[in-house]
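K.L.:
As a plain string of letters, each chain reads:
2 protein chains.
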Amino acid sequence: MKRSIGAKTIVYPTPVFIVGTYDKAGKPDIMAAAWGGISCSNPPCVSISLQKHRYTYENILEREAFTVSIPSEEHVMEADYSGIVSGRNADKFEKAGLTPVKSELVDAPYVGEFPMVLECKLVHKADLGMHVQLNGEIIDVKVDESVLDPDGNPDIKKVKPFLYDPAGRAYYSIGKYLAKAFNVGKEIK
Amino acid sequence: MKRSIGAKTIVYPTPVFIVGTYDKAGKPDIMAAAWGGISCSNPPCVSISLQKHRYTYENILEREAFTVSIPSEEHVMEADYSGIVSGRNADKFEKAGLTPVKSELVDAPYVGEFPMVLECKLVHKADLGMHVQLNGEIIDVKVDESVLDPDGNPDIKKVKPFLYDPAGRAYYSIGKYLAKAFNVGKEIK
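If you're matching them up, the sequences are chains A and Y in order.
All the letters of the first sequence, read from the start, carry residue numbers 1 to 189 under the UniProt record's numbering.
All the letters of the second sequence, read from the start, carry residue numbers 1 to 189 under the UniProt record's numbering.
Pairs involving identical chains hold if they fit within one copy or between any two copies, as the list cannot separate such chains.
In silico lysine-lysine, BS3-like type, Cα no more than 30 Å apart, as pairs:
1. Lys52 <-> Lys186
2. Lys102 <-> Lys189
3. Lys121 <-> Lys2
4. Lys160 <-> Lys189
5. Lys121 <-> Lys24
6. Lys27 <-> Lys95
None of these hints come from the bench; they were simulated from the model.
Kindly produce the complete structure, drawing on both the sequences and the hints.
P.N.:
Printed below as a string of structure tokens:
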């Protein structure tokens with residue numbers, strides 16, 4: 001039996017995207033965003049939703065660029081910190097002991113210590129209400145060599161990303177392998 | 001040291017949204033979508049990206065409604081199946097042994113056996129290229145009583161959702177609790 005719990009923004013899983021930008025003065029900033037995901041395969045795009053009063057929002061409109069760094073479990077504290085303080089009031093990279101790396105492809109920095117980054121150019125925005133949905137074309141993905149599999153793709157078990165649970169307001173690791181996609185369903189077909 | 005792996009649509013985690021629709025004849029259909037996420041807090045919105053040739057895409061434009069059912073681990077086979085067959089050629093609910101439940105709030109069905117569903121009205125679409133990004137306002141969320149916590153919120157450990165790894169093309173469970181959000185970062189602040 002299902003119970004109505006109202007119009008809440010609860011899905012599983014939601015990501016922990018660490019969005020990197022430069023402000024007008026060139027100071028690198030990061031913030032955590034859980035509202036987002038891949039939005040198009042070609043051109044490859046990733047979408048993030050931000051409130052208009054966010055420092056990161058201003059920065060993206062100004063530079064038309066952002067990065068999405070994917071943190072690993074060991075950096076859950078730094079990732080969370082980036083979501084509870086504004087870049088208007090703090091140098092979050094410095095406070096968190098993280099290294100801003102200047103992208104050579106887009107006008108935004110990424111987090112050197114995190115294992116993966118998507119470098120993005122702003123291509124579309126939609127004002128949905130409290131949040132504006134920003135789509136960035138993924139110009140390149142860069143991955144630590146230590147977390148690549150033999151085929152040169154990131155290995156989720158080495159990247160050790162984590163996820164956000166919006167109902168319990170908590171972070172969880174990735175669990176066990178369940179099944180091969182586009183495959184296990186063939187048993188029904 | 002980071003290596004460029006090209007402009008790929010790889011982030012962690014991506015969801016496994018089971019999108020429910022009715023076709024013109026009133027036949028209920030489902031498909032799996034990994035490109036999507038929450039997109040706005042108020043009005044509460046969820047976003048899914050679909051290719052224009054998808055049956056589900058036609059259905060959503062026609063009815064201006066869809067549901068997002070969240071499957072649990074035990075239904076990984078049915079979820080995968082819904083992503084590898086078109087509703088043009090099959091009654092996927094019947095084949096997968098799932099029950100279509102008519103939403104009383106939006107013109108779309110959801111999966112009775114899955115523990116959670118978001119009932120959505122189409123409010124915005126953006127053509128990004130290969131995919132069109134569709135935003136639905138979340139009119140209600142319904143959750144199996146057996147997976148609610150004492151406060152009436154879904155408990156991720158009872159829902160047992162799973163995630164899609166686009167690099168390894170595989171499904172993974174949710175792992176261990178790591179930290180409280182908007183909290184663990186205070187140690188840095």
